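Number of protein chains: 4
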Amino acid sequence: MSIDYDSYLGLERLLSAQNLRSVEFLRPAHDEMLFVIVHQTYELWFKQILHELDSVLDVFKAERVGEEHMGQVVARLERIIEIQKLMIHQVTILETMTPLDFLEFRDLLYPASGFQSAQFRLIENRLGLAADKRLFYGTGCYRDALASHQQQTVSAAEQEPSLFDRVQGWLERTPFLRTGSFDFWHAYRTAVNEAFARDEAMAKESPHMNAEERQRNLDTNAQNRKLFASLLDPKAFEELREQQRIRLSHRAAQAALFIQLFRDEPVLQLPFRLLTSLMTIDEQLSTWRYRHALMAKRMLGTKMGTGGSSGAAYLQKSTEAHKIFGDFFMLTTFLLPRSQRPPLPEAVLKALRFQF
Amino acid sequence: MSIDYDSYLGLERLLSAQNLRSVEFLRPAHDEMLFVIVHQTYELWFKQILHELDSVLDVFKAERVGEEHMGQVVARLERIIEIQKLMIHQVTILETMTPLDFLEFRDLLYPASGFQSAQFRLIENRLGLAADKRLFYGTGCYRDALASHQQQTVSAAEQEPSLFDRVQGWLERTPFLRTGSFDFWHAYRTAVNEAFARDEAMAKESPHMNAEERQRNLDTNAQNRKLFASLLDPKAFEELREQQRIRLSHRAAQAALFIQLFRDEPVLQLPFRLLTSLMTIDEQLSTWRYRHALMAKRMLGTKMGTGGSSGAAYLQKSTEAHKIFGDFFMLTTFLLPRSQRPPLPEAVLKALRFQF
Amino acid sequence: MSIDYDSYLGLERLLSAQNLRSVEFLRPAHDEMLFVIVHQTYELWFKQILHELDSVLDVFKAERVGEEHMGQVVARLERIIEIQKLMIHQVTILETMTPLDFLEFRDLLYPASGFQSAQFRLIENRLGLAADKRLFYGTGCYRDALASHQQQTVSAAEQEPSLFDRVQGWLERTPFLRTGSFDFWHAYRTAVNEAFARDEAMAKESPHMNAEERQRNLDTNAQNRKLFASLLDPKAFEELREQQRIRLSHRAAQAALFIQLFRDEPVLQLPFRLLTSLMTIDEQLSTWRYRHALMAKRMLGTKMGTGGSSGAAYLQKSTEAHKIFGDFFMLTTFLLPRSQRPPLPEAVLKALRFQF
Amino acid sequence: MSIDYDSYLGLERLLSAQNLRSVEFLRPAHDEMLFVIVHQTYELWFKQILHELDSVLDVFKAERVGEEHMGQVVARLERIIEIQKLMIHQVTILETMTPLDFLEFRDLLYPASGFQSAQFRLIENRLGLAADKRLFYGTGCYRDALASHQQQTVSAAEQEPSLFDRVQGWLERTPFLRTGSFDFWHAYRTAVNEAFARDEAMAKESPHMNAEERQRNLDTNAQNRKLFASLLDPKAFEELREQQRIRLSHRAAQAALFIQLFRDEPVLQLPFRLLTSLMTIDEQLSTWRYRHALMAKRMLGTKMGTGGSSGAAYLQKSTEAHKIFGDFFMLTTFLLPRSQRPPLPEAVLKALRFQF
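Chains as they are written, first to last, in my numbering: chain A, -12 to 343; chain B, -12 to 343; chain C, -12 to 343; chain D, -12 to 343.
With the rest of the complex left out, here is chain A (with noise of 0.2 Å):
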């Protein structure tokens, strides 16, 4: 029943998984070892990152998730993280590889390429990426470049609910927006309408401001309204769905503002570190693609005046168009400073504190 170091690790398996082909086709380069352990270690972290993000997903198909296992969550999700930063430091080691090395065995790769990682496509699906925003590489989806069991296991993934699609659901359940008699969405309004009227107001009476000024100001107010409008106006909002220029619904938005804006009260500020991971994972989702295009470019280099190879440039673009939780970015425009947020009544107050 005892365990030795080697026998627990796998070892012998692990440490023989390392098959160069410069050496099989009698031509052996230095730094392919370099190559291949590189890619190795980042397929580990990948397979933890699932372990991870399937465990979550496990506590949010719950119909009510279980506040004792917020902690887990968040814990789980800021170790995602963790891993995160260590897979972009990690771009540094390839970079210790110089172009003219990676030369000497780069022909015997093809078609190998990292588009064909089903982990990484995974990662993507578990996490939300919307199938019909994942850009095209070359001509073809990304599915065809994986075999054909692989291509199953991503498909499946992109079927189920997804983090985003869990995390949304948890949001429009969120049971603080209504409380007897005080409605959340209607006290956000009137204190957006508050703030713009006072603000006007100040605009027009100031006797510090010249004719430009004022009129300045009063723009920028009357551009800000019209900002504000999109989320207030449940029509507008939905218009904004349907051209696909943001994915959350309305209910799942009010809730993330009403966790962003009372994050301070007890049983809010894990739900606000939870929305916080979130966006931190899809930001260092765009540096670490962001580095790993740089790094492609400085291996493969540029054509002249294109900046890029294709590899790079899909790269580079899905930075942007991979977004994940990006509307939870969006939302920031819409907070309001602690000042001027709506009071919230002592009733709703004693349900988001503890009572001992």
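The set of hints was computed from the structure by calculation and includes no laboratory data.
Watch out, some of these pointers could steer you wrong.
Treat identical chains as interchangeable: a pair holds within one or across any two.
Once the Cα atoms are required to be at most 20 Å apart in a straight line, the calculated SDA-like pairs of lysine to any residue come out as [to be verified]:
#1 Lys72 / Met20
#2 Lys34 / Ser100
#3 Lys337 / Leu37
#4 Lys191 / Arg203
#5 Lys304 / Arg276
#6 Lys72 / Gln271
#7 Lys120 / Gln271
This one's a predicted model, so the numbers in the text were calculated from it and none came from an experiment.
Mind docking chains B, C and D on chain A? Use the hints.
Chains B, C and D alone, transformed into the frame defined by chain A:
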């Protein structure tokens, strides 16, 4: 003559330079201190980078750059890289401030903005950001945001020879491209043509390819011939320069290729490190802008469907547009594997090595 | 009322505070600028850490710490951790200066020394470094190195309740240790004794062990019983405190264990994060001292066979001696696996959860 | 002949090598996956480090190390440094596992331990950790923890010339220490003595010192003379070696000093980088052990008043004891400022520079 820690570091001055607007306006916001100190440390690092750049530019002013200075030049560029890594890391510190906390004092900062950092503009100009490649910020030139004495300094730096210019001149003077009867460019062209001919012959005659594969191989080869023609044919190259798709002179490009290909020779080892450093500095500058743009989106929010405020959009566009040493990345496309390099005659090899 | 970037950041003052001794003494040394700026940025980060610590101490001054402040307290401690990570990273910047370059101006610094940083001493005192645990530096007290007005500030901070004191008081007031008929300490003791009895029975009766294994198991168990006795027996515990082998009060230790064991309960999630943050701050402080000591050895050299200058030796010894929250690491020894924890009665569970 | 991503990276083998004990024993513990993958990635990086070390040792086997290999040797050592930085960073990933979560499966690991990593022992031996400097782990030799075939490999590596040995031999063969009539050691000794004489004269005659300062100066000078005597006097030096207070030969120490002092000369720039890399590798190894020890204390707890488990204590002691290139740090003490270096005759300078 003796000195203590506080006087040496000017701590009285340094630690009294945090004047919080929110305190001045009697609505103290805890996180403003972080905001100020993060930006102040950035400015201190900018000063250090300028200190290094100036000393490197001094060395390159000389008609003939002494080999005994190359170690120091490379070490100072590598120090800049280390500082850039810290600057990128430092973005995570500012991200510990949430948008809600930023809202507490954000209105008090108007119209101060990071785009008014004169030191950062100086760094761009000293490195050699081409004036006509600069993005407009809003409707105006980047200099309009600066105070008038700063505009002069920054304009002067635009006129003076930059690191790009100096390195280009130094590359053009590389003594090994023609030594006695050896002409590197002729030898390189021959090697390239031989490689193409060999590949084409193999594509035509190989019994292992079917008709389709054969055709694909020949097509790729034809494409690559066209690509190389743009470098090998001086006229084609000049056209690209006129179209501003490349900036480096043909002569400097040849020298850079020579250095990359024969970097293992003793006399080329530090020049190789120099070129590598410049590419890394460029890459890190891009990464810093990119992280900065992500952080700005997070802090300020994005407008629905647009993916960013104007500041964040400017930063993100500048990651691509404000490349300075991009041409060196482009040259990677023209490397040959070690085994296909043109052979160097004994006399040249001797000149590249130590004699002891 | 509007402000520009330079005035806001006090750049005129900030960027004129680099007065190089080597320039003053007419033997300019290029790397002195780096030396000054590295230390100045450290001092700016010290100021920021003090700003965070002071705000956290303010919250803990209250008789009853509101749950609605815990999120912010934890966030500010986590910010300190992020700053510490940067401070550790920053050591690599100073290491780009070689010993030979340091020699160019090292003699001009006498007798200034990092041991004269009053802000760093303040951080140690605010956190709660016990005055009688402090190492002597050379022959004297750490305060002797400071200017007289700084000695007063630092002494005052030694007298005032530190973060260690405040957190200890807060732990002692934890309301859940005795709720109605539930007595956590009694339940914990029972659970521990049951675990020991079970292990011993298994060791005695298991058919899978030979005589030697059986004995080893029983010995280990006996040893562990002794270890746990030092915590379970209040007298034994008090003796350890008198011998200064532990600093935390028995009551606070109980609360910390309770929090660690039941951290998944909603009301304990932030207290758990708080304790974790304090341990990480301690750990990072040690790592920073350690990296600092290595760097000092590198820069100043080590005497043959001694392994360090007196400064480096002090730093290295202080990594161990200047632990502040070490007792929380010690408590880890007394955790029980989730399955062996004492069961919590329904009434206690209810108090630990939200009621909505 | 073509290959896909999964086959190339051996993903089937790699991703099936995570066999969780907690799953096997039917009490699945979520965090065991992290524990396994963190250790597996460490072993992959160990393999990569050995790959680099072996190639560097191959170069140094030659009677005369070609200058055209030095660039690659240094680049590979610098790659090891980059990997070490990642390894240190990676400790933070394991720290996202809490002690309570570790308790869920910790008992199932017995007696597997990181001290059974054969690859890590190989790295220590290839670098040149002196067998008689090794700490005992528990009561036995480090080899006792390994399987018998690993004991052989590791013992063989103990016997073979290590990187320390090879670099020492290469230093001893440095051709510039005696060139024609120039004898570096004689010139260095003269320069040192002149510096001491000058300082003493100044101390005695300076009108700016009072009696006390004068005496302190003379005392420091006398002490330093003694320190330098241990290097300058071959007998004193041999005694230190016999007492194992220094390991480097006198001849190699002279060459290392020469390289440090005149590192700006072209021929010495890469040798200087080589020595610097070795010191950094040593430093990073220490930092990794130290971070590892802190993490172990956190995960396993410390016994009251002892400050660590035996594993953590071993790791912490080894940070100091297992130094490999410590002698190069010691040499820093004997550097002279550039202005006080012995002058190099024209003939020597010529040999140190390129001739073109």
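Each hint, compared with the structure:
Taking identical chains as interchangeable, the C-alpha atoms of Lys72 and Met20 lie at most 20 Å apart only when they sit on different chains, with a minimum of 19 Å there against 23 Å within one chain. Only within a single protomer do Lys34 and Ser100 lie at most 20 Å apart by alpha-carbon distance; the minimum there is 18 Å, versus 23 Å between protomers. Neither within a single protomer nor between protomers do Lys337 and Leu37 lie at most 20 Å apart by alpha-carbon distance, with minima of 38 Å and 34 Å respectively. Proximity of Lys191 and Arg203 under a CA criterion of 20 Å is satisfied intra-copy only: 11 Å inside one chain copy versus 71 Å between copies.
For the homomeric pair Lys304 and Arg276, the shortest alpha-carbon distances inside one copy (9 Å) and between copies (16 Å) are both at most 20 Å. When the C-alpha separation of Lys72 and Gln271 is checked against a cutoff of 20 Å, the pair qualifies both within a copy, at 7 Å, and between copies, at 16 Å. In this assembly of identical chains, Lys120 and Gln271 lie within 20 Å of each other by CA distance solely inside one copy; the values are 19 Å within and 29 Å between copies.
Hint violations for this structure: number 3 only, all remaining hints satisfied.
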